[in-house]
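Starting from the known structure of chain A, fit chain B onto it as the hints suggest.
Just so you know, the protein sequences line up as chains A and B, in that order.
With the first sequence counted from 1, adding 901 to any position gets you our numbering.
With the second sequence counted from 1, adding 1 to any position gets you our numbering.
Simulated from the structure, these hints should not be mistaken for laboratory data.
If a hint is listed, it holds; no wrong ones were tucked in.
Cβ-to-Cβ under 7 angstroms is the rule here; a few derived chain A residues that face chain B:
#1 L921
#2 L924
#3 S925
#4 A929
#5 L932
#6 R960
#7 F961
#8 P1001
#9 N1154
#10 G1156
#11 I1166
#12 A1169
#13 F1172
#14 M1173
#15 F1176
#16 N1180
From a predicted model like this one, the values you see are computed outputs, not experimental measurements.
Where a beta carbon is used, it is the ideal one built from N, C-alpha and C, also for glycine.
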Amino acid sequence: MKYLPLVWAAIMRKPARAILTLLSVMVAFTLFGLTIGLNATFVKFSEMARADRIWTQQRFGGGGPSGGGMPRALVEQIGRIPGVSQVAGMGFVGGYHGDPKNRVFIWMVDDKLGKVFNEWEITPQQWDKVRANRRGLLISKIQAGRWHLKPGDNFTMTAPGLKKADGTNSWTFQVLEVTNEISFATDGFMMGNYDFYDKSRPLADQSRMVQMFIQTSNPDQSAALAQRIDATYASSATPLQSTTEKAALDVSNNGLDFITVDREIALAGMFMVLFLTANGIAQAVRERFAEFATLKTIGFSDWGVIGLVFAEAALPCILGAILGVGLAGLIAAMVPRVGQGIGGFPMPTVTGGVVLWAMLCAAIVALISSALPALRLKRMDIATALSGR
Amino acid sequence: MLRQIFVVSAINFKSLRQRLWRSLVIVVGMACVIGVLLSMLSLTEGMLAAYMKTGDPGRAIVVSTGAQGEGNSNISRDKARLIMDAPGIAKAPDSSPLADAGINSGVPVIRVNGRPAYDTLRGFGPKGVMLRPEFHMVSGRMFRAGTRELIVGVLAKTQFRNMNVGDKVILPDGEWPIVGSYTTGDLLDGQLIGDTETVMKAIRRPAYNSVLVRLASPSSFAGFKRALTTNPALAVDPYLQSEWYKKISEGFSTFFKVIAYGIGIIMGVGALFGCFNTMYAAVAARAREIATLRAIGYDAFPVAVSVILEAIALAVAGALIGALFAWTLYDGVDGAFGNSVFKLTVSPTLIGTAILWAIGVALLGGLLPSVRAARRPVVEALRAT
Chain A
902 MKYLPLVWAA
912 IMRKPARAIL
922 TLLSVMVAFT
932 LFGLTIGLNA
942 TFVKFSEMAR
952 ADRIWTQQRF
962 GGGGPSGGGM
972 PRALVEQIGR
982 IPGVSQVAGM
992 GFVGGYHGDP
1002 KNRVFIWMVD
1012 DKLGKVFNEW
1022 EITPQQWDKV
1032 RANRRGLLIS
1042 KIQAGRWHLK
1052 PGDNFTMTAP
1062 GLKKADGTNS
1072 WTFQVLEVTN
1082 EISFATDGFM
1092 MGNYDFYDKS
1102 RPLADQSRMV
1112 QMFIQTSNPD
1122 QSAALAQRID
1132 ATYASSATPL
1142 QSTTEKAALD
1152 VSNNGLDFIT
1162 VDREIALAGM
1172 FMVLFLTANG
1182 IAQAVRERFA
1192 EFATLKTIGF
1202 SDWGVIGLVF
1212 AEAALPCILG
1222 AILGVGLAGL
1232 IAAMVPRVGQ
1242 GIGGFPMPTV
1252 TGGVVLWAML
1262 CAAIVALISS
1272 ALPALRLKRM
1282 DIATALSGR
Chain B
2 MLRQIFVVSA
12 INFKSLRQRL
22 WRSLVIVVGM
32 ACVIGVLLSM
42 LSLTEGMLAA
52 YMKTGDPGRA
62 IVVSTGAQGE
72 GNSNISRDKA
82 RLIMDAPGIA
92 KAPDSSPLAD
102 AGINSGVPVI
112 RVNGRPAYDT
122 LRGFGPKGVM
132 LRPEFHMVSG
142 RMFRAGTREL
152 IVGVLAKTQF
162 RNMNVGDKVI
172 LPDGEWPIVG
182 SYTTGDLLDG
192 QLIGDTETVM
202 KAIRRPAYNS
212 VLVRLASPSS
222 FAGFKRALTT
232 NPALAVDPYL
242 QSEWYKKISE
252 GFSTFFKVIA
262 YGIGIIMGVG
272 ALFGCFNTMY
282 AAVAARAREI
292 ATLRAIGYDA
302 FPVAVSVILE
312 AIALAVAGAL
322 IGALFAWTLY
332 DGVDGAFGNS
342 VFKLTVSPTL
352 IGTAILWAIG
362 VALLGGLLPS
372 VRAARRPVVE
382 ALRAT
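Just chain B, same shape as in the assembly:
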């Protein structure tokens, strides 16, 4: 049986050249579908990857109860102190808790295309860097605590104007110079960082937004959470930082995925009809050849399988072309949405999904024509011109 499938398919593929143009309908159609699908998903994928990278499961973030973002969370100074005294927090070399109260504010900036936007200005306290081993200075120097200086992430300048070392950022109490640039490999790469207390004074904010802590061990989160949520003096929600970023990215990622896959499905249906069309024509063109095979003793099944295999091969070829397109155009390109800056990503997993998608369409599109090929009475087909 397998040998028969192999032989029939081989004959099939050899004759593809005669049906080249017709077959290209599937290839081009699938390339369009996958090209569009992957281009759209590259945005979600890149943004999501940046969010996920920012969330370290070894850290916990504490926000006020019910807060849906750091921006609408409020942690007063006395509460921040209570949080940092909770059990389960790793210790710094000086045996103080490895925790940092942070501030998170929007700063009006101009996009490179001239549009107004907000970038995120983050405050780092004394432990801000120690908490984040992923943080490295790239050029210039670190801001000095207590001074009105900022450092900028390496990706900020790809989306916003005046984000280089030496540029100035306007804050309420004047222009703050950018004295250095850093990278963390995550969302912070698109942001600005200053000294928490100095930034708070400048934007006249009396309270912190959140507290970030390094957990003593992965298992200490439960105790940490219990201590905070059972303390009547606090009204806060602790999250593993990884869970927090998953939570705050859910809204947009579901939204974009619905849109991308919605469009993918619509285009996929269009391609499916094209696939039907081509495969019916292919079966018709090979009617005599198929009938001959059947006459000399080949089963109907290998004939049917060969038709589906042909559809799959064409669709996968198209998908690869589409994926190549999306990959060369978008993979690693700087992207932005809202105030998040990240790199668009066409990951191997995404390409794999796309190829499965193409195989699915080809299976559906090849099925009916293959049944017709297998069912057609041999004598009638042999007579056909």
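Next up, chain A with everything else stripped away, as it sits in the complex:
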């Protein structure tokens, strides 16, 4: 601490260079914060995904809104399988609001959904309202903001693939409540009443659902139970595809390993910074070689001088890391409000762990970049250095 003014003076010898270096480092750590923060979000999702839930859909023909769907009776049947504690079912109304570009996707949920997902911040009173009002909708804040909706508003959408009994495919809902977000619905959600969905369909299409959520009594047995359920219905009219919630929400399911990609991008940024910092510090030491010799002459030890050099490298790195990661946090907080959320892509979370990693990387960058100059200083011949040769 005592030598901080000395380090500061050294850095401020070339203020332009110091500021530019700091900005470079800051930008690289902004990127670091965004990418590693995104990975933190993925980890958070997978931690929030519950081991005691199974997601089940029709094995073939996809889960599209026009797909035939699974018979509603499965909820009862599967509910009787040992190890299953509760089953919820839902349908989807997918389509657009006004312009086909304005895509809307509404989950039409039954009474059990709130019980199977008991951790959601939706109160029993709110669930009761949807049950009581067939056209009712619970919508999250993101969706309310997107469509400028408040409780009491009507919301009409067109579902091209989903005909109603009256021959039209226009669906009208009424917004009842605006609720908090739920973990995996990164683009917000809208939830309506399953009975409304079901009774609106033509008779031949009634009593069908597109997705089931199964709560198990023993989380360790969920994966085995999922397999057992699929095996039971393998040769029925609607074979099922069941996965644990953990597996269903895994980010690498889509074939792209986001976590590795994020790390590689962050690493590229770090490499850039490393080169820059190493260069800057090497040059600073070269320019002030004689001064370091003087320091040694007046009694600074080898390690003392090396410490000064390290501090000179570390200060902009650490400062840049703090500013950069802070900026990343700011960006992550702003983007969902500015844009319409880019297709519901999750936003980075700048957690304590992310900050810690950033600090560690900053320290490593400082350490590596001051290593060579430090070696030179350690080996310096004071007399030669002083003479400026």
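Frame of chain A, contents of chain B only:
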């Protein structure tokens, strides 16, 4: 003037070796920026190329009104017949319309990394192959109509397990053998194909997803479209197949481009500061030399230009290294996103864009230092140690 620029720049580049390490900051920085940018864009580029290749402007696809994908489109049998009777469709040798009603379904498969996924199972009717001259069998044989057999695209096995000739695919009514493999050079290379009617029976689907037709001529689309959209018995959207693939790829391609260029811009800004830093140092290191040139009558302008040229040369060198990296690592590599299988692509156009990008950063990064170099009073600079 040009001669002066040439001379000053030549002196400049000759002295680069003395400023090698400092200059490498720009090269390495730019290599990182362009390497990351191109690696990320290789995914979008490859995926988009596969989509665009699949869409032939000589064909039209008909889906139900408002459908955003073949998966959520529904065309019943009687409507499919009406569509095929519309004017503007090319004729097959037997003078029947060159059109085919298709089915498009997800089949659960396992990725090579063990993750669950869906691959696309397509149905080809009697005209499926005739409609697609790009279709060629590679090994094994074609499926027989009416039998429970499948053929597989050549790229499917790079992403999904058990996708070789002789493997079996589980469908609702049992295991279907893969009897052959084919290539089309587009998205279909990652998919499975079976006989439309047999597949529909197996997955218990009463309606088709879409109808694909070969247009009689490029100009016949307008009439074809008019006939379908004005027919009150139909509620369908006809698209040129090329337009359709453009439409369905818009969402993801914009998304990925925003991400890639967003990261590119952030890294570019970082590199820009590095560039400033290096070029200021370069100008400082050459202060006396520049002052000497100015003293013997060189203009300020060539001096400034030489600084910018140096920045550009370094940045372009870095960009080329980054591009080389991205190209060797990713060009032609098998990639997948969702249920699309394709080859990652680092195209010459993409590399060209990247180099322009680098030049842009260098122009910005060299501008201020060049002004300083040109403006510095000669006497003061000559005195400087």
